[in-house]
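2 protein chains.
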Amino acid sequence: MISKRDLLLASAAGLAAAGLRAAPAAEVAPDMPAGHDMSQMPANWMGKEQIAFLIYPEFTALDMVGAHAMLTGLLGATTHIVGKTRDIVKSDSGLQFQPSATFDECPRELDIICVPGGAAGTLAAMQDDGTLRFLKDRGSRAKFVTSVCTGSLLLGAAGLLTGYKATSHWATIPLLPLFGANATAARIVHDRNRITAGGVTAGIDFGLSLVGQLRDRQYAECVQLMAQYAPEPPYDAGTPERAPREVTKIMSDMFVDFNKQAERIGRDVYPRYRDG
Amino acid sequence: MISKRDLLLASAAGLAAAGLRAAPAAEVAPDMPAGHDMSQMPANWMGKEQIAFLIYPEFTALDMVGAHAMLTGLLGATTHIVGKTRDIVKSDSGLQFQPSATFDECPRELDIICVPGGAAGTLAAMQDDGTLRFLKDRGSRAKFVTSVCTGSLLLGAAGLLTGYKATSHWATIPLLPLFGANATAARIVHDRNRITAGGVTAGIDFGLSLVGQLRDRQYAECVQLMAQYAPEPPYDAGTPERAPREVTKIMSDMFVDFNKQAERIGRDVYPRYRDG
Chain A
558 MISKRDLLLA SAAGLAAAGL RAAPAAEVAP DMPAGHDMSQ MPANWMGKEQ IAFLIYPEFT
618 ALDMVGAHAM LTGLLGATTH IVGKTRDIVK SDSGLQFQPS ATFDECPREL DIICVPGGAA
678 GTLAAMQDDG TLRFLKDRGS RAKFVTSVCT GSLLLGAAGL LTGYKATSHW ATIPLLPLFG
738 ANATAARIVH DRNRITAGGV TAGIDFGLSL VGQLRDRQYA ECVQLMAQYA PEPPYDAGTP
798 ERAPREVTKI MSDMFVDFNK QAERIGRDVY PRYRDG
Chain D
558 MISKRDLLLA SAAGLAAAGL RAAPAAEVAP DMPAGHDMSQ MPANWMGKEQ IAFLIYPEFT
618 ALDMVGAHAM LTGLLGATTH IVGKTRDIVK SDSGLQFQPS ATFDECPREL DIICVPGGAA
678 GTLAAMQDDG TLRFLKDRGS RAKFVTSVCT GSLLLGAAGL LTGYKATSHW ATIPLLPLFG
738 ANATAARIVH DRNRITAGGV TAGIDFGLSL VGQLRDRQYA ECVQLMAQYA PEPPYDAGTP
798 ERAPREVTKI MSDMFVDFNK QAERIGRDVY PRYRDG
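Residue numbers (the working numbering), protein chains in the order written: chain A, 558 to 833; chain D, 558 to 833.
The reader is advised that the hints may include incorrect statements.
Pairs of lysine-lysine, DSBU-like flavour, derived with a Cα cap of 30 angstroms [as the list claims (entries may be wrong)]:
#  : chain 1 : residue 1 : chain 2 : residue 2
1  : D       : K693      : D       : K605
2  : D       : K817      : D       : K647
3  : A       : K817      : A       : K641
4  : A       : K700      : D       : K647
5  : D       : K722      : D       : K700
6  : A       : K700      : A       : K605
7  : A       : K641      : D       : K641
8  : A       : K693      : A       : K722
9  : D       : K641      : A       : K647
10 : A       : K817      : A       : K647
11 : A       : K806      : A       : K722
12 : D       : K605      : A       : K806
13 : D       : K641      : D       : K605
14 : D       : K700      : D       : K641
15 : A       : K722      : A       : K700
16 : D       : K700      : D       : K647
17 : D       : K693      : D       : K722
18 : A       : K647      : D       : K700
19 : A       : K647      : D       : K605
20 : A       : K647      : A       : K693
21 : A       : K641      : A       : K605
22 : A       : K647      : D       : K647
23 : A       : K647      : A       : K700
24 : A       : K605      : D       : K647
25 : D       : K647      : A       : K641
26 : A       : K722      : A       : K641
27 : D       : K693      : D       : K817
28 : A       : K605      : A       : K722
29 : A       : K605      : D       : K806
30 : A       : K700      : A       : K641
Footprint (simulated), chain A over chain D, 3 or more residues, beta carbon under 8 angstroms [what the hints assert, rightly or not]:
#  : stretch
31 : 622-629
32 : 755-767
Computed list of chain D residues with no C-beta within reach of chain A, every gap over 10 angstroms [claimed, not checked]:
#  : residue
33 : R744
34 : L771
35 : C779
Treat the hints as calculated values from the structure; they're not laboratory data.
Given the structure is predicted, the values throughout are model-derived calculations rather than measurements.
Beta carbons: idealized from backbone N, C-alpha and C, even for Gly.
With the rest of the complex left out, here is chain A (with noise of 0.2 angstroms):
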């Protein structure tokens, strides 16, 4: 189904993402096995996607930029970094990043919006009013309403998970029905138009399976073959199940602080964004 050339010349546009500029048909490698003689990339291989990725103070910049990498491999799609204002806005971990857009600029309509997560920056945005109604009036309509990691509880104080079944990192699961949501343990959880991923690393695998969702799964394997996403943890510690006990205990207690001013804002905040 697919002309090489065709899906060089497109990928040297939009694959960028994954890291590669496409080489010119004339320079393949004779080596190479013959190619594919179709004269046309399959139609739905390229895209218009609007995608929005929201940005606030003390975000995980992990959370947004693996769920970025693989999301910016649609070719065709359209990507912003949107911020409350044009300021850089610095990561829970140091990260300094320029939004490309503020919500004003961002477009009305939306293919996807997704929010990452955070700490003590997602509490901050769980409260703030401009924050809560661009995600609420732009997730009222986008294609898909998606988030990584605490990610999630922004999108239910907004009231944008309301009736849902959702996940969030697997220390704030249990919040997930302070904000109206059916809390649900998985690492992606789609239920409709909202797509919910755990933790951090989660991200890499909702953007990636969204790829294969929005194109098919020959296009998210080449994304996936690009990022060499053949993961290999030199531990067995990535879900609470699994961690020693010891382990899980220490990080389930950082979030005794998290989860109680979640549980406030759950209680003082959600009910205004549900209903208005």
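Starting from the known structure of chain A, arrange chain D on it as the hints suggest.
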């Protein structure tokens, strides 16, 4: 071996990278199992590493951010995002990063220097005298000289891999001997103080394994659990061997031009920095 209180206090300062503020000890949930009563955190859990990540135009953001997310979990470490100047640096997926230090401002003595990869941008950096001299200088004294993806070719161009085993993005491994390295197909290759990782997502595995080496297993497991790093790739195409043959061919074809240009740099540029 761990005082929960000390851990939490220390974590509040340093584990922010992993995404959450520590709970004050007094607020630990009463239904948690009783903590340790040791009064000291293991001495080796607190470090003072100086860590620098190079960024340059058109680098691949996830190469850097994956490793950064793990290494900033090191309590006490200081991390620098180093650009040639303080100007915003745009990644190959369009993310815009503000460097925290210039080449001149970067500490002279580093514990870790880490170089992400890319495509056109990496080829340009491999021919930029200022970048190569910076890498050669800091790399000559750094405790660990490391890379993700095609970042190894940039280390190589600076003469830093001569005589070392190393890896790179799967499609560029055969280029390594042009830069004096012993090409090795593995997700992470560790030879003396050089650590090179494979393509893009391998940076997470590299970063987490180095956390374990610099602290200990339990510490790294805490970082892994915080990042919920229990990957569930939705497809199984992350290596050229596992991907369908057609997928591997499409992606290999995309590297033809990159590889030709890198070969030329290996001939023309590398010898000057190998010996200089």
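Going through the hints against the structure:
no., hint, result
1, K693(D) to K605(D), "holds (23 angstroms)"
2, K817(D) to K647(D), "holds (24 angstroms)"
3, K817(A) to K641(A), "holds (26 angstroms)"
4, K700(A) to K647(D), "holds (28 angstroms)"
5, K722(D) to K700(D), "holds (17 angstroms)"
6, K700(A) to K605(A), "holds (13 angstroms)"
7, K641(A) to K641(D), "holds (28 angstroms)"
8, K693(A) to K722(A), "holds (18 angstroms)"
9, K641(D) to K647(A), "holds (20 angstroms)"
10, K817(A) to K647(A), "holds (24 angstroms)"
11, K806(A) to K722(A), "holds (26 angstroms)"
12, K605(D) to K806(A), "holds (26 angstroms)"
13, K641(D) to K605(D), "holds (25 angstroms)"
14, K700(D) to K641(D), "holds (22 angstroms)"
15, K722(A) to K700(A), "holds (17 angstroms)"
16, K700(D) to K647(D), "holds (28 angstroms)"
17, K693(D) to K722(D), "holds (18 angstroms)"
18, K647(A) to K700(D), "holds (28 angstroms)"
19, K647(A) to K605(D), "holds (22 angstroms)"
20, K647(A) to K693(A), "holds (24 angstroms)"
21, K641(A) to K605(A), "holds (25 angstroms)"
22, K647(A) to K647(D), "holds (16 angstroms)"
23, K647(A) to K700(A), "holds (28 angstroms)"
24, K605(A) to K647(D), "holds (22 angstroms)"
25, K647(D) to K641(A), "holds (20 angstroms)"
26, K722(A) to K641(A), "holds (28 angstroms)"
27, K693(D) to K817(D), "holds (24 angstroms)"
28, K605(A) to K722(A), "holds (28 angstroms)"
29, K605(A) to K806(D), "holds (26 angstroms)"
30, K700(A) to K641(A), "holds (22 angstroms)"
31, 622-629, "holds (count 5)"
32, 755-767, "holds (count 9)"
33, R744, "violated (5 angstroms)"
34, L771, "holds (13 angstroms)"
35, C779, "violated (5 angstroms)"
The structure shown violates the earlier hints numbered 33 and 35.
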